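Visitor: Below, each chain spelled out in residue letters.
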Amino acid sequence: MSDAPGNGHPEGCALVTGASRGIGEAIATALAAEGWPVGVNFRSDEQGADRVVAAIEAAGGTAVAAPGDVTDPATADALFTQLEERFGPVLVLVNNAGTRADGLTVQMEDDAWQLVVDTNLSAAFRLTRRAVRTMTRQRFGRIINIASIVGPKANAGQANYAAAKAGLIGFTKTVAVEVARRGVTVNAVAPGLVDTELTEGIPSKFLEAIPARRAGTPEDVAACVRFLASDPAGYVTGTTLTVDGGLSA
Amino acid sequence: MAATVTADQVEKVVYDALAEIGPSRDQLKREATFEELDVDSLDLAEVSQVVEEEFGVTLKGDDVENLKTVGDALDLILQRATS
Numbered sequence: 001m002s003d004a005p006g007n008g009h010p011e012g013c014a015l016v017t018g019a020s021r022g023i024g025e026a027i028a029t030a031l032a033a034e035g036w037p038v039g040v041n042f043r044s045d046e047q048g049a050d051r052v053v054a055a056i057e058a059a060g061g062t063a064v065a066a067p068g069d070v071t072d073p074a075t076a077d078a079l080f081t082q083l084e085e086r087f088g089p090v091l092v093l094v095n096n097a098g099t100r101a102d103g104l105t106v107q108m109e110d111d112a113w114q115l116v117v118d119t120n121l122s123a124a125f126r127l128t129r130r131a132v133r134t135m136t137r138q139r140f141g142r143i144i145n146i147a148s149i150v151g152p153k154a155n156a157g158q159a160n161y162a163a164a165k166a167g168l169i170g171f172t173k174t175v176a177v178e179v180a181r182r183g184v185t186v187n188a189v190a191p192g193l194v195d196t197e198l199t200e201g202i203p204s205k206f207l208e209a210i211p212a213r214r215a216g217t218p219e220d221v222a223a224c225v226r227f228l229a230s231d232p233a234g235y236v237t238g239t240t241l242t243v244d245g246g247l248s249a
Numbered sequence: 250m251a252a253t254v255t256a257d258q259v260e261k262v263v264y265d266a267l268a269e270i271g272p273s274r275d276q277l278k279r280e281a282t283f284e285e286l287d288v289d290s291l292d293l294a295e296v297s298q299v300v301e302e303e304f305g306v307t308l309k310g311d312d313v314e315n316l317k318t319v320g321d322a323l324d325l326i327l328q329r330a331t332s
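In order, the protein sequence lines correspond to chains A and B.
Each residue of the first sequence is one higher than the one before, counting from 1 in our numbering.
Each residue of the second sequence is one higher than the one before, counting from 250 in our numbering.
The hints are simulated quantities; they were obtained by calculation from the structure and are not laboratory data.
Only a predicted model underlies this, so the values are computations on that prediction, with no experimental measurement involved.
Don't be surprised by glycine CBs; every beta carbon is placed ideally from N, CA and C.
Since no wrong hints were added, every one of them can be taken at face value.
Computed, partial: chain B to chain A, Cβ under 8 Å:
| id | residue |
| --- | --- |
| 1 | 291 |
| 2 | 295 |
| 3 | 298 |
The whole structure should be built from the sequences, with the hints applied where relevant.
Guide: What follows is the structure, encoded as structure tokens:
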């Protein structure tokens, strides 16, 4: 458990948004393996979240399904309150929930822009704002924002996604600076092409451009999050860890 | 509740919160400025949280920005807690 000998952090739990499948599932599983009780957030895929919770518990970990649409401003407080009552303070927050609504800018509807910015950027702000209140007073916290190599790098057809993810990286850096002396770190992980439902339908020609000659796996991303959430990573803050098989190198 | 809050209670809560952040107890007096105590905006945000929990008084960023001394903070909190 989180207060096991050798862990320098206070007792608490982790929250992973959008954790009913894909990268979020792998992150929740990895953090549970580190001993964190994990809140497995989901919006609509309750079955998926229950499956993730059951798998974590079967492996000897602790987890609970945590429903909530992160684009709803009331969700942050509801999620944190649920987890605080059950496990104590949320000391690891992984802003993973994300969505796509691709299209060329010239044809993009306002709705597609707003949905992607709300889900991928504004939700992370609201959850982070709620999280740092507790983390700063606990003198420990780990916030990890799942960004993307799209943002720092162009990708035609994803202006909304790129803007949100680049914004998330900028947000990460500034919050990191604000809370650094309280033992709270804020970092981003920027995956390249990862094999999940979200990336279904991406042409295979992209694989040829990846130096590693394969798509990433959710576990590749989760390994980075696991490190950034760990006690030894306490001096790493405000940075973006790219995990893309060399694509953006 | 609000009407029973006293200046002494506010002082105790604020001094306890500040002492946990950094300044030593003997530095904490009404005339002390936050600048000389090395208490910055993040520290004051933390004190504001404690005050909110104890007295139900919400201090926003703008409120806190104008506070120069410990006394300014104590007066503002007492005024909000009893009004």
